[in-house]
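With the hints as a guide, bring both chains together as one complex.
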Amino acid sequence: MTRKQRRGVLIGVGVGVLMLAVGLVLFALRDSIVFFHTPSDLAEKPIAVGQRFRLGGLVADGSVKRGQGTKVDFVVTDTLKTVPVEYEGVLPDLFKEGQGVVAEGKFNDGGVFIADSVLAKHDENYMPPEVAKALEAKGVKLGKGAVHPGEATQ
Amino acid sequence: MIIELGHFALVLALLVAIFQMVVPAYGAHVRDPRMMAVAEPAAMCQFGLLLVSFLALMQAYVTSDFSVANVAANSHSTKPLLYRISGVWGNHEGSMVLWVLILALFGAAVAAFGRNLPATLKANVLAVQSSIAVAFILFILLTSNPFLRIDPAPADGNGLNPILQDPALAFHPPFLYAGYVGFSIAYSFAVAALLDGRIDAAWARWVRPWTLAAWMCLTIGIAMGSWWAYYELGWGGWWFWDPVENASFMPWLAGTALLHSALVMEKRDALKVWTVLLAILTFSLSLMGTFLVRSGILTSVHAFAVDPKRGVFVLAIMTLFTGGALALFALRARDLRQGGIFAPISREGSLVLNNILLTVACATVFVGTLYPLVLESLTGDKISVGPPYFDWTFGPLMVPLLIVLPFGPFLAWKRGDAYAAAQRLAFAAVLALVLMAMGWAFIHRGPALAPFGLALGVFVMAGSISDLAWRARFGSVPFAEAWRRLVGLPRSAIGTALAHFGVGMLVIGVVATSAYREERILVMKPGEEVRVAGYNLTFRGVAPASGPNYREEVGVFDVTRGGAPVARLEPSRRTYDMPPMPTTESGIHPGWRGDLYVVLGDAQTAGGYAVRIYFNPFVRFIWLGALVMFIAGGISLSDRRLRVGAPGRARRIAVAPAE
Numbered sequence: 050m051t052r053k054q055r056r057g058v059l060i061g062v063g064v065g066v067l068m069l070a071v072g073l074v075l076f077a078l079r080d081s082i083v084f085f086h087t088p089s090d091l092a093e094k095p096i097a098v099g100q101r102f103r104l105g106g107l108v109a110d111g112s113v114k115r116g117q118g119t120k121v122d123f124v125v126t127d128t129l130k131t132v133p134v135e136y137e138g139v140l141p142d143l144f145k146e147g148q149g150v151v152a153e154g155k156f157n158d159g160g161v162f163i164a165d166s167v168l169a170k171h172d173e174n175y176m177p178p179e180v181a182k183a184l185e186a187k188g189v190k191l192g193k194g195a196v197h198p199g200e201a202t203q
Numbered sequence: 043m044i045i046e047l048g049h050f051a052l053v054l055a056l057l058v059a060i061f062q063m064v065v066p067a068y069g070a071h072v073r074d075p076r077m078m079a080v081a082e083p084a085a086m087c088q089f090g091l092l093l094v095s096f097l098a099l100m101q102a103y104v105t106s107d108f109s110v111a112n113v114a115a116n117s118h119s120t121k122p123l124l125y126r127i128s129g130v131w132g133n134h135e136g137s138m139v140l141w142v143l144i145l146a147l148f149g150a151a152v153a154a155f156g157r158n159l160p161a162t163l164k165a166n167v168l169a170v171q172s173s174i175a176v177a178f179i180l181f182i183l184l185t186s187n188p189f190l191r192i193d194p195a196p197a198d199g200n201g202l203n204p205i206l207q208d209p210a211l212a213f214h215p216p217f218l219y220a221g222y223v224g225f226s227i228a229y230s231f232a233v234a235a236l237l238d239g240r241i242d243a244a245w246a247r248w249v250r251p252w253t254l255a256a257w258m259c260l261t262i263g264i265a266m267g268s269w270w271a272y273y274e275l276g277w278g279g280w281w282f283w284d285p286v287e288n289a290s291f292m293p294w295l296a297g298t299a300l301l302h303s304a305l306v307m308e309k310r311d312a313l314k315v316w317t318v319l320l321a322i323l324t325f326s327l328s329l330m331g332t333f334l335v336r337s338g339i340l341t342s343v344h345a346f347a348v349d350p351k352r353g354v355f356v357l358a359i360m361t362l363f364t365g366g367a368l369a370l371f372a373l374r375a376r377d378l379r380q381g382g383i384f385a386p387i388s389r390e391g392s393l394v395l396n397n398i399l400l401t402v403a404c405a406t407v408f409v410g411t412l413y414p415l416v417l418e419s420l421t422g423d424k425i426s427v428g429p430p431y432f433d434w435t436f437g438p439l440m441v442p443l444l445i446v447l448p449f450g451p452f453l454a455w456k457r458g459d460a461y462a463a464a465q466r467l468a469f470a471a472v473l474a475l476v477l478m479a480m481g482w483a484f485i486h487r488g489p490a491l492a493p494f495g496l497a498l499g500v501f502v503m504a505g506s507i508s509d510l511a512w513r514a515r516f517g518s519v520p521f522a523e524a525w526r527r528l529v530g531l532p533r534s535a536i537g538t539a540l541a542h543f544g545v546g547m548l549v550i551g552v553v554a555t556s557a558y559r560e561e562r563i564l565v566m567k568p569g570e571e572v573r574v575a576g577y578n579l580t581f582r583g584v585a586p587a588s589g590p591n592y593r594e595e596v597g598v599f600d601v602t603r604g605g606a607p608v609a610r611l612e613p614s615r616r617t618y619d620m621p622p623m624p625t626t627e628s629g630i631h632p633g634w635r636g637d638l639y640v641v642l643g644d645a646q647t648a649g650g651y652a653v654r655i656y657f658n659p660f661v662r663f664i665w666l667g668a669l670v671m672f673i674a675g676g677i678s679l680s681d682r683r684l685r686v687g688a689p690g691r692a693r694r695i696a697v698a699p700a701e
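If you're matching them up, the sequences are chains A and B in order.
Residue numbers for the first sequence follow the working numbering, beginning at 50 and rising by one.
Residue numbers for the second sequence follow the working numbering, beginning at 43 and rising by one.
For reference, chain B alone in the conformation it holds in the complex (with noise of 0.2 Å):
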C-alpha cells in the first residue's frame, strides 16, 4: 500500500513539475505577477511528494518488501540496516529516484532563500529546474520505475553487490548527486538570464553560493569514491582514469572554473558571458556524466545493469538540455553587456588563466575519455585509453596552473603588481625551491621530475599561509595586532586560503604516492619475515572467521618498526552469502609517512599464501586536501556577504524587476 502511495506521490509530482515548468515562465513572459508567483509553492510541493515517494520506497527496503520488484533484486532480509537504506540509492532505479529529490531539494531551497530574487528571474529559474525535473521524472516512470511489484513475492532477495556495502560508498552517491544536480541551479540561472536578457553582477552574486555548495559536494563526493576504491577495491589505487571518473571529474573542472570566474563577474562586471557558457557547459557536463554511467556504453565498474531503452532516453534528455540552452546561448548571448576592463596583470587576469586551463585541461579529459567511443564507432576499432594519456595531456596543464595559483590572491583587482606579488611569496618560492633542491640531492629513485611535483605542492600551500598572513599584516604589526585581523578577515578570504592549501596538500599526495609507492608481492609461510619501508611484516597464518552476511579467513601480520611493535593487520578474502560472491579486504596501517597496505592472496599448493603489500607515501594527503577544500567551501558559504539575502545589497537588486 505504502508503495503505491509512494508511485502516486512520484506521478503527482510530475504533473505538479509540468505545472511549475509552463505556468511561471509564461508569467514572467507576459509579466503577470500571479502566474509568477505559483513557481514557489510549487516548487515546496513537487519537494514534498518526491520526499513521500523516497521514503515510501526507503521504506520497502528497511521492512524488506520483496513483493518490490526493485527491493526483490538488489536487497536482502540479511543486510545490516544502512546497507538495507543505502540500497535504495546502490541501483539504478532507485538512484534515479534520489537524483531528482535533490534536483526539487535545490529548486525548493532556491524558493525558499530566493525572496530578494527579481520575480521574473525566480519565476523563471524555477520553470527551468522543474522542466529537467519533468523529463527525469518521465524518465523513471517509462523506464526505471521502482515502484513496480512482482507476484508472486520471492522469499528473500538478490542482496546488494557487497563490495557495495560499505560506509564510504553509502554516502559516496548522494554527495556525487548534490554535487551534479546542484550545477543545475547554475544552469537553471543561465537560461533563465538568457530567457530574460538581462545579466549583471546581482547575478553571480545569487549563483555562487549554489555553485559552491554543488561544489563541495562534488568535491567530497569524488574523494569518497577515491578513498573507497582504494582500501576496497584490494589493488592499492586511488584513481584510474576510468571513463565513469572522468565523468564525475569533468563537472568538477568545469565547475571550479566558474567558480571562479563568477567571481569576477560579481566583483568586477566582467566575463559576463564566458560565465553564463560555462554554467551551461558544467550542468551539461554532468548529464553527460549521467548518460554515459546510465547508458551502459562503458566498461566500468559504475556502471548500471544494460537497457538500451535508457540509454536512448538519458541521450535525448541531454541533447535537448545542452543544444537548447547552447541554441538560446547563441541567440542572446550577443545582448549581454560586456562589463569592466582590466590588465592582464591582475587578479582578473589571473582568474581568466586559471579558467583557461582548467577548461582546457577538462578538454584533454573529454577527448580522452570520449575517444575510444567515437573511434569504435567510425572504425570498429577497439581501443582504451589510460593513464600515461593522461599523465601526458592533464599533468603538463595543471604545472602553470599551480605556479600561477598563489600569485593570484596577491594581484589587485583592474591592475595588480606581479613584482610586488612575487617578492610576497619569496618565502614560498625558496621554501619549495630549498626542498627541490634537497629532493634532488638525497632521494635517489622515483621519477627525476617527481621533487618539482613535490615542490609545486609545497609552494601552493606556502603561498597559501603567506596569502593569510600578509592579510594580516603578521611581521609589520605586533603579532597580537595581527592576530586579530586574521580573526577578524572576511571568512571568503579564509576558505581562499584553505580550499588553496588543500590544492598543495592533494598535489603532494598524488606525486608521492605516484613516485614513490613500494610494492611487494610474494609467497609467505606463517612465521615468515619480510621488510617493507622499514616496516617488518611478520605472517602469523589464517584463521577462519564471520560476520552478519559472510564468512572469512583473516591472515595475520605483525608489523614492527625498528623493534617496536607498530599495528596488527588483518586482510581477509571474504565470500558473502547473498549474492554468493568473494571480495578481498585489504589490511591498512595508516600514518602521516604513508599506508602499509596488505593484500591476502591465493592459498598456496605447497603451504602459504601468495601475499602483496604495499607502501603508499603521504597517499592520505589527497583525501585530507579534499575534505580541507570541502571544509574551505562550508567556510566561505557561511561568509555573510556570501549569504543570499544579505541585507543592504538586497534593496538595490529588489529595484531590478520594478522596470
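Isolated chain A, as found in the complex (with noise of 0.2 Å):
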C-alpha cells in the first residue's frame, strides 16, 4: 500500500468518524438541551405542559412546605411573579428560604412545576450565575458565588 492509499484511509477513517460525531451533536443539542427561565419570563411567555425546562430564582419566604411525606412544595419568585413547584424527594443541604435555586422539570395541567431536580446555593454568598443575571436584569440586588450540581438529582 502507498504513502498516499494509506493517508487516504486514514483520512476516510477520520473524516467518517468526524462526520459521525457531528451528526450525533446536532441530533443531541435539537433534543437534549434545556432552556432557563425565571417567573417572569413564564408570565410573558409562557410554556406549555410537558416540556422540560430550568426555572431559577429565589425560593420564597414562608413557602416551603416540608414534612408532608416525601412531597416537598415551596414557590420560586423573582420577586416580581411567582411560580409554585413540587418536588419529590431529599432536598439538597443549602435549600434555604430566601436563597437561589434552580429547578429542572416540567408544568402539570395544574400550573404547578413539576421538579425532578433542584440545585441549590453553596455557601452564603452563593447564587447560580444564571439566577443572579435573570435577577439583576430584573434590577434585583444579588451577592455572587458559586453552585452546587447535581444534588437531589433523580
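No lab work stands behind these hints: they were computed from the structure.
Heads up, a few of these hints could be off.
Below, a sample of chain B positions facing chain A; criterion: calculated Cβ distance under 8 Å [to be verified]:
(1) Leu399
(2) Val409
(3) Gly428
(4) Ile563
(5) Val565
With the C-beta cut set under 10 Å, the calculated list includes, among others, these residues of chain A facing chain B [unchecked claim]:
(6) Gln54
(7) Ala77
(8) Gly105
(9) Gly138
(10) Leu143
(11) Glu146
Since the structure is predicted, the reported quantities are computational estimates derived from the model, not experimental observations.
By construction, the Cβ of each residue, glycine as well, lies at the ideal position given by its N, Cα and C atoms.
This is the structure we're talking about:
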C-alpha cells in the first residue's frame, strides 16, 4: 500500500468518525438541551405543559412546606412573579428560603412546576450565575458565589 | 514574619522564573553552552523558593494565623489538623500557589532527571516551562495574593466549607493539579522541539514517562472527585457531566490519546506532527479547565469566588500559550519529517483509530461544555446541556473504541493480521457474547442495550487477560514455563494489559449502575421496615450526636439479607459550627454486588423521616477500575526501558546536540 493510499484510508476513517460525531452532536443538541426561565419570563411567554425547562429564582419566604410525606412544596419567585413548585425527594443541603435555586422539570396541567432535580446554593454568598443575572436584569440586588450541581437529582 | 518571608520568596521565584525563561532560550538560540546551563540550577532554585512560599502559607494555616486575610477567610481554629492543611488548597489563592509549586516541581524534575537530554532541547524545555510559571506567579501576585494581612486580625476564621472537609477531597486537588500541570511538560517539550525544528523518536521517549505520570495523577484525581461526590453529596450519583467535571475530563481524553500516539512515535517514528499537536492541545485543555473553574462563568460546585479580573487574566494566559504554540506549530510543523509507513491493519493503525475516536469524543465533550456559553453570548438564550446530550454523543463513540481496544495489542507493528488477532480473542468474544445472551434472557428490566454494554466491558477485560496469556504462551508451553515468561514480560506490557483491564471494569461499573440502579423514596417511622434489592432495612430511629466541629442527628438502620444481619447504617444530618451549614452524610453498605446507600431526609410533622434509599449495582467497579489504571500506569512507569536515562539508548541521543 502506498503512502498516498494509506493516508487516504486514515483521512477516510477520520472524516467518517467526525461526520458521525457531528451528526450525533446536532441530533443531541436539538433534543436534549433545556432552556432556563425565570417566573417573569414565564408570565411574558408561557411554556407548554410537559415541556422540560429550568426554573430559576429565589425560594419565597414562608413558602416551603416540608414534612408532609416525601413531597416538598415551595414557591420560586423573582420578586415580581411566582411559580409553585413540587419536588419529590431529599432537598440539597443548602436549600433555604430566601436563597437562590434552580429547579429542572415541567409544568403539570394544574400550573404547578413538577421538579425532578433541584440545585441550591453552596454558601452564604452564593447564587447560581443564571439566577443572579436574571434577577439583576429584573433590578434585584444580589451577592455572588458558586452553585452545587447534581444534588438531589433523581 | 514567616508569611512575609513566603511572600518575598514568591516574588524572588518570579524573578528567577523570568531569568530562567529568557537566558537559556537565548543561549539555545546562539548555542552558548554556559547560558543554556543556567536553566538547571534556576529550575531547582525556582522550585525551592516556591516550596518556601507554600510552606509559609501552610504554617499560617496550621497555626491558625488569622492576621493573614486568606487564612481568616478560609480556616477556623477548631478544624482538625488534616483540614487545616488541606484548607491551604481549599480556596482559590492557596490552590494557585500549589498549582505553581507542582509546575516548578515538574520543571525541577526535568532538570534533575533529564541529564541525557540534548543541551538545546533541555534549555528550551526549561525556558518554556518557566514561561508558564512566570504567567501564573504574576497571576497570583497581581490578582490572587494569599499573603496579604488584615488589620485588625479577627478572633477566629470563617472556616472551610464543611462538604470540603473530607479525606478524599483533601487529596483530590493535588492529584488533579499534578495531572493538569504534568501535561505542561509535554507542552514544553513540544514547543521546544518546534523551536529547535527537530524531532525524533527519542523525543517521544522523553515525553512519554512525564505524560504517563501526569495521566496517572489526573486519572486518580478525577476518580477521587467522583468518589467524593458519590458519598458526600448524598444524591447517589458519581458523575454529572458538570462543566467543571468536563474541564478535567477533556485533558484526560486528550492525554490518553497523547500517551498512545507517543507510543507510535517512539516505536515507529511516525505520527510526529500529530503527537506534537496533541501535546499542545492537551495542555491547552488543562489551561482551559483552569480558566473555566477560576473565571466563575460556570455554574458549578467547583467554581471559586468570582472576580472578573481573574477570569480575564487566566483567559489572557490561555490565549497566549495556546495561540502562541499553535502559531509556532503552523510555522514549523512542515519541517518535521514524516516517519515510518504502516498498513491500516497494524498496531499503528489501531492506535490511530484510538486517537481519532478519543479526540473526536473529546471534541463532543468540548462542544457540550462550551455551547451554552457561546449561545448565551450570541443570542442571550440560557440553556443547559445535561447528561442526555453526552449519552447521545460520547456514548456511541466509545462503542467502537471498546470493540477495537482488545485487538490493538494483538496486531504487529507495520502490518498486522486481523484474522489471527480475532482467533486469539475468540475466547474473550465468546465469553462476552454468552454473557450478553444470558443478560437478555434473564434480566427483564433496564434498557435493552445494557447487556451489550456489560458484554463490552467483559470483552475488554477478558481481552487483556488473553493478551497476557498469549504473550506468556499459556496453553502452548508447559504451565511453569508460561508462568516464568509471564513474570519476565516487560513491565510496560503488563501495565498495558492491566490498564485495559481497568477500562473494562470501569465500563461494567458505569453500565450496571446507570442501567440497573434501584431507588426508593419514602417516609419511615421508627420500627418500620422496607425491602430494597434483596435487603431488608429496619429504621430504628434518630439519635443526636456531636463531632469536633459539628452536631448531628444520626438515623439508625439495621440491614438484613435473608434473615441474616448485614450491617447497621447510620446516615446523618450534620450542622457545622463554622461556617454554620447543614450537610447530609449518607450511610453506605459497600459490596461487590453493589452499594446500599441511605440518605436521611426531613423530619415529618406526622412523625417519622423522609428517607431515600438506593441500590447501586457494581458501582465500585468505577473507582476500582480507575485505581487499576493508576496502578497499571505505575507499573509501566517502572519499566526500565521507559526510565529516563536508560543506558544504551542514551549514548545515541547524547550525540545529537553536537551537530
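Comparing the hints with the structure gives:
| no. | hint | in the structure |
| --- | --- | --- |
| 1 | Leu399 | holds, 6 Å |
| 2 | Val409 | holds, 6 Å |
| 3 | Gly428 | holds, 7 Å |
| 4 | Ile563 | holds, 5 Å |
| 5 | Val565 | holds, 6 Å |
| 6 | Gln54 | holds, 9 Å |
| 7 | Ala77 | holds, 4 Å |
| 8 | Gly105 | holds, 8 Å |
| 9 | Gly138 | holds, 5 Å |
| 10 | Leu143 | holds, 7 Å |
| 11 | Glu146 | violated, 13 Å |
Comparing the model with each numbered hint stated earlier shows that hint 11 is the single one that does not hold.
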